[in-house]
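> These are the residues of each chain, in order.
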Amino acid sequence: MMSIISSRRCLFALLAISLGAGALAACNRGADATAKPAVALVLKTLNNQFFIDMEAGARSVADSLGLELIVQAPEREIDVEKQMQIVENLLQRQIKVLMLVPSGSKEIVPAVVKANAAKIPVVTVDTRVDAATLAAAGGSVATFIGSDNEDGGRMAGAFVVERLGGRGTIAVLEGIPGHETGDARLRGFRAAVAKAGTVSIVASQTANWERDQAFNVTQNMLQAHPDITALFACNDVMALGALEAIAAAGKSAQITVVGFDAQDDARKAITEKRMAATIAQNPREMGRMAMIAAARLIKGESVSAEQPVGISLVK
Amino acid sequence: MANRESGTAIGLLALCIGLWIATPYFATASNMANVLEQSAVIGIVAIGMTFVILTGGIDLSVGSVVALAGVVIGTLLQQRVSLPIALLAGMLVGISAGAANGLMITVGKLPPFIATLGMMSVARGLALLLTDGRPISGFPDALRAVATQRVLGISGPVWCMLSLFAITHVVMTRTVLGRYIYAIGGNEEATAMSGIDVRRYKTIVYAISGFAASVCAVLLLARLNSAQPIAGIGYELDAIAAVVIGGTSLLGGSGSVVGTLIGALIMSVLRNGLNLLGVSSYLQQVTIGVVIVVAVLVDMALHRRAQRIAR
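Going down the list, the sequences are from chains X and B.
Per the working numbering, the very first residue in the first sequence carries number 1; after that it's consecutive.
Per the working numbering, the very first residue in the second sequence carries number 316; after that it's consecutive.
Calculated from the structure, these hints are not laboratory results.
Don't take each hint at face value.
[What the hints assert, rightly or not] Derived list of chain X stretches under chain B, where covered just means 3 residues or more per stretch with a C-beta under 8 Å from a C-beta of chain B:
| hint | region |
| --- | --- |
| 1 | 70-82 |
| 2 | 92-101 |
| 3 | 168-180 |
Using N, Cα and C, we set each Cβ at its ideal position, and we do this for glycine too.
Please take these sequences and the hints and turn them into a complete structure.
See below:
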């Protein structure tokens, strides 16, 4: 008796789930019917305007290139294991090209090697795969499309030095340690500051790319170094958090804040004169160029190993 | 009990059939191997979580312990300590963190939520402190082989997960420890009054959860060839989801590790299927949430029906 009733329940559950999957299948068939070659863009996250812009850039040329574009991302920017799972799953789907923004430059190498083994060309966008680790694992990347973050850091550093008139003290908000993007920006910034010789970085701490952490870290820095005259954040999200902390301390007039990424909120803060400058990358262009490279790779045409995307100072 | 698991198993089967119809890429041998390997990461943490939840507790620290055990192994390997000793040390870290949770709960009389929340922060902080926030990479090939070598066509993480499930299934169904765990979850006071050392067994249960987290750390190290101090964030919630989808009651006393295995598989199959179908990442989160809730609703309905009839 018990088993009869519960098996009826189970049957109901089975039916419901199958129906759901069937509905998904119907959507999927629609996509399959066009029979375009599928390419995948795997991002770090979709909770960041930068990557949403990159997706938009890629989508804008998908139709004209005749490609079906699949965009996927882990929920958390730092979740390399999830990103690797997404790549593994997409490789099962026989995509033609994998466009990847690595969540971890070294950690994602095994996933790149798996794509190589499946004979799927890999295009890295924005963030590089660690060259030494990749070589050691015997993997390869068809092309890298992105900005020179170190150059951007230098640009920001030169601007800060100029704005300070060659004297002052600087605080820095770093990204997650070990992330090549943030490390490169930091290297460039430090190099430019060191070159000037007359200004010094008195505090440099990570706020893990996050706004609320940047707020707290900046508050603490202001306690320890009340005389700070400039702050450089390795991304705009942290710069915006720092702005709030600086405003709360009543030091907005005293401190020049420079960010990186030129997000909408940062541009707005610059127009309102709350923030001094930011470095503009062009994620939309990165997405577009990645798709063009993918189309060329599918046709068997050659692509250059490095495709720089320009950067500029927004002030 | 077996009836409840069959309900979850049918859910998994239905999901697989649905995906088999929906996409030609799902039901291939290589994708099955892929899904199994992916389920190992959360599956193993979820085994430990099952033990804890069966006693009516919760362990929020597992994700942080994964990171701490991982960076301890990574740091030791960088100091040229031999692989077996480094792995052993990592597992000891996991067991110690778990046992510390257990002692805070049994001796310190802290609610499990609070004790493990504290450990979650402490272990994460230690992992960051130990590495200065930076990932450690470059390990001996022998460690990489855990993820890349296949034995009988099945990869290391899958062997690891399946053998742990087999062992813990036997522990749960055939040993005194297993019986006591169900008894504690069913009625802790009565169990204590019948002369069983509840404190001791509860401490063991949290130590098992810490051990499971350290095994997961080894798999992550092997898969990513890197020990990250920020690894494992959110794993506690994924593990709890696998456990409850598998039909284990959060109140304790009822459920099984077999159910958890099925729960972990449902989560992996779902994520895999949604990736294969190219479903938007936002919609994926919604879908996974809905499945968790529906699975538990169906399970509870089945359970109530079964109880009414049994009476």
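> State for each hint whether it applies.
Here's how the hints hold up against the structure:
1. 70-82: holds (count 11)
2. 92-101: holds (count 3)
3. 168-180: holds (count 3)
Of the hints listed earlier, there is not a single one the structure fails to meet.
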